[in-house]
Amino acid sequence: MIILRLAYQSLLSRWLTCLLTLASIAISVALLLGIETIRSSTRDHLTRTISGTDLIIGPRGNGLTLLLSTVFQLGNPENSLSWQTYQDIAGQPEIDWSVPLTFGDSHHGFRVLGTTHAFFEHYRYGENQPLTFAQGQAFNDLFDVVIGADIASRLQYKLGQNIVLSHGLGEISFMPHSDKPFKVAGILRKTQTPIDRTLLISLNGLEAMHIDWQAGAAPRPDQRVSAEATRAMDLTPDKLSAIFIGLKTKIQSLSLQRRINDNQAEPLTAIMPGLALQDLWSLMGNAESGFQLIAGMAIIAALLGMVAMIFASLNERRREMAILRSIGAGPAQIAALLVVEASFISLLGSLLGLGLITGATLLFNSWIENVYGLTLIIGWPNATQSVELIMIILAGSLAGLVPAMRAYHLSLSDGLMIR
Amino acid sequence: MDAQPAILIQHASFAWNKQAGYRLAIDALTIQQGERVLLTGRSGSGKSTLLSLICGANLPQSGQVEILGQNLSQLSISERDHFRAEHIGVVFQMFNLIPYMSIVDNVLLPLSFAHERKKRASQSGSLQAKAEHLLISMGLEPSAFHTQSVAELSVGQQQRVALARALIGAQQIIIADEPTSALDPDRQEQFLDLMMTQAKAEGTTLLIASHDRHLSSRFDRVLDMSEITSANAEDA
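Chains as they are written, first to last, in my numbering: chain A, 1 to 419; chain B, 1001 to 1236.
FYI, nobody ran anything at the bench for these hints, they're computed from the structure.
There may be inaccurate statements among the hints.
[Stated by the list, open to error] Non-contacting residues of chain A with respect to chain B, defined by C-beta distances greater than 12 Å in every case (computed):
#1 Y8
#2 L11
#3 R39
#4 E320
[Said to hold, decoys possible] With beta-carbon atoms standing in for the labels, derived distance ranges:
#5 A:F311 / B:A1015: 28 to 38 Å
#6 A:L314 / B:L1127: 28 to 38 Å
#7 A:L283 / B:P1099: 54 to 64 Å
#8 A:L12 / B:L1127: 20 to 30 Å
#9 B:E1152 / A:S366: 48 to 58 Å
#10 A:A301 / B:H1011: 48 to 58 Å
#11 B:A1182 / A:F311: 24 to 34 Å
#12 B:E1152 / A:D44: 30 to 40 Å
#13 B:S1230 / A:F311: 35 to 45 Å
#14 A:A301 / B:S1230: 53 to 63 Å
[What the hints assert, rightly or not] Counterexamples of contact, computed for chain B against chain A with all Cβ distances above 10 Å:
#15 T1030
#16 S1052
#17 I1098
#18 K1119
#19 E1202
None of these values were measured; they are calculated from a predicted model.
Every residue gets a Cβ at the ideal spot worked out from N, C-alpha and C, and that includes glycine.
Construct the entire structure; sequences and hints are all you get.
Here you go:
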C-alpha cells in the first residue's frame, strides 16, 4: 500500500513531465483504438450493405468496380448491358428474381438509381432486412421519386415536394432536368447503408427524362419533348448498368456465374456479393494493417519515452532512495516503486486514450457519417481493443522493469550513503 | 535494562571494492544500550562505512556485527531491511526528507515499513497525534505541519523533522551521520541538546558520527576512528 501511495505522490510531484508522458501515451493509444474502431465499423458497414442477393451482373469489367458502383455507388459505371441481355438472363430457369439497375444521374451529389418495384421487394441489407418506408410508398407515377433517409433529413424534403434531378454524377451539375421535375412519393427508413443517400425512380421515369437527349447532350429547344408527352411513348430502356439476381437455390450461383462470364452474345461479369465483399475487405485490410503498424510504433515510442522519463529521474532520486532504504525499504520495494509508477502511467495513459477516442468518436460521428457515409460503432471497447489495452498496460509495466532493475542495483550499491 | 549491548562488533572487516582501495577493519567495538557515543575521525576514516555496517545496509566480509544481540550476517537482505526499520532510526547530514510528502507524513513514513514499530507508536493515541507531539517537542510550529511543504523548511527545521522520524515508535538506536554539520553553530548546539534530551528520556542508544570534536563534552563516550580500527586497516 505504501508503495502505491509513494508512487502516486512522487508522480504528482513531477506532474508536468508525467502529464507530457501521459499525453504521448494517450494519443498513441487513441490512434490504435481509433484505427480499430474504424476497422470494425467499416467491416460492419461493408458486410451489412447487401444481403440476399446471389449475383450482381454487369458489363465485362473488374468485379470490384462492379461491386463498388452498384452497392457502394462509388465510381462511374463506364459500360452498360443491353435490355435484351437482361431479358435473357431473367428468363433463365435457376433465377428466382432479378432487379435491373441504371445509374447516371444525381441530385445535389446524391445518386439517382433507376430500377423497378422489384428492388423494394428483393433488396436486403444487414441481417436480411427489407427496405421499409418511413413515409409514403414506392414510386407509382412515372415522375415519382423515393428518397433515402439521409437525403430527407439533409435536404429537408417532405412528401409531395417537387425536385429536379441533374444529368451526370457530379455534385454541381450544369445540366438539370428542369423540364421534368419529380415528386417525392416515399421516404425510406434509415438503413445505415448507401441506400440512405440514394434517390430511386422507375426505369421508365429515367428513360422519360432522357428521351429527348442525344448522345449525352441536352436537347436543342426545338427537339424538346414535354413531360406529359412522354407518358404516351414507349419508355422501355435499351441499356442498363447492372442486374441484381436472386436464385432459387444458392448452390447454382457458381455454375450460373461461370455461364454468365462466358456469355457469347454480350461480354458480361457476374460477381457473388459475399465473396466480392471479402475481397474488398482483404484489400482494405492491408491498408489497415499498415495503419496498425504505425500506431503500434507510436505506442512503442510513447512507452520508450516513459522509460526515458523514469530513467532520467533516477539520478536525482538516488537521495530519495537512500532515505527510503534508511527507514527500512528494501531494494526490491524501491524497484517495485518504479514498476508501479510505470504501470500507473500506462494505465492512466491507456484510459485517457480510451476517453480521447470515445470523445472524438462521439464528437465527429455525425460528421464522418455525413462525409464518408460510415457510422462509427460507439460503446465499450470491443474484444480486439480490450486486448490492445491490456497489452499496452502490460507492456508499460514490463518497460518499468528496466529502470526498476537499475534502481535495484543503485540502491544496493549506494546503501544508505547519499550521493 | 537488557544486558545485551546495543552494538557489538568483532573482528569485522569490510571493503567497498575487494581489489583495491579502502578497507575498514575493526577488532572490537561495544556500545551499551542507552549510551550516547560520538564517533569522530577525519573525513575518509570510515565513519560512514561503519555506520552502514551497523545499519545492516552492508555486511562485513569477515567477522560479525551484532545489533541488540542479533547477528546481522544471519539475516537475509530483506530481513536486515526489516530489522533496521524496526530498531534503528537514521538521520543524515541533510536532505533527510521526501520532498513530495507533508511534514507529518514524512515522520510517519517509516511506520509503513515496520509493523512492530507502528504498534509501539500507536500505543498512546493516534499516529497523527504522536507525530505532531514529537514535532512540537522538537520546537516546530504546529500550524506548518500540514500546509507547509518540506522544501519550505529551513535546514535546521528539516533536521528536526528527520530526528522526529528517527525517534517515532521508540527506536532503540539512533544513528546519525554528521547531523549538525549543515547547521550554523547556534543551531548545532540546539539540535544536539534536542537529541540528547530525547535520547535520555527514551533510553535511546545514540551513535553520532562527526568530524567536529567540539561536540564531545555532551557525550558519554567519544570514539575516534583511529582508535577502533586495526593498525593494518589502511595499508590494504
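Check your understanding: Could one say that the CB atoms of A:L283 and B:P1099 fall in the range 54 to 64 Å?
Key -> holds (57 Å)
Exercise for review: For A:A301 and B:H1011, compare the CB-CB distance with the range 48 to 58 Å and indicate the outcome.
Suggested key: holds (56 Å)
Check your understanding: Should the hint that B:E1152 and A:S366 are 48 to 58 Å apart at their CB atoms be regarded as holding?
Key -> Since B:E1152 and A:S366 have Cβ atoms about 52 Å apart, the given range 48 to 58 Å holds.
Point to revise | Non-interface claim for B:I1098 versus chain A (Cβ beyond 10 Å) | key: violated (6 Å)
Exercise for review: Mind checking the hinted window 20 to 30 Å against the Cβ distance between A:L12 and B:L1127?
Suggested key: The hint (20 to 30 Å, Cβ to Cβ) holds, given that A:L12 and B:L1127 are roughly 22 Å apart.
Check your understanding: Measuring from beta carbon to beta carbon, are B:E1152 and A:D44 in 30 to 40 Å?
Key -> violated (58 Å)
Check your understanding: Minimum Cβ separation between B:S1052 and chain A greater than 10 Å?
Key -> violated (5 Å)
Review point. Are all beta-carbon distances from A:Y8 to chain B longer than 12 Å?
Key: Given that some Cβ of chain B is not farther than 12 Å from that of A:Y8, nearest at about 10 Å, it is violated.
Check your understanding: For the pair B:A1182 and A:F311, does the Cβ-Cβ distance stay inside 24 to 34 Å?
Key -> The hinted range 24 to 34 Å holds for B:A1182 and A:F311, with Cβ atoms some 30 Å apart.
Exercise for review: Kindly confirm whether 53 to 63 Å is satisfied by the beta carbon distance between A:A301 and B:S1230.
Suggested key: The hinted range 53 to 63 Å holds for A:A301 and B:S1230, with Cβ atoms some 57 Å apart.
Review point. Within 28 to 38 Å or not, the Cβ separation of A:L314 and B:L1127?
Key: Given about 31 Å between the Cβ atoms, the range holds.
Point to revise | Satisfaction of the hinted span 35 to 45 Å by the C-beta atoms belonging to B:S1230 and A:F311 | key: holds (42 Å)
When each numbered hint is compared with the structure, violations occur for hints 1, 2, 4, 12, 16 and 17.
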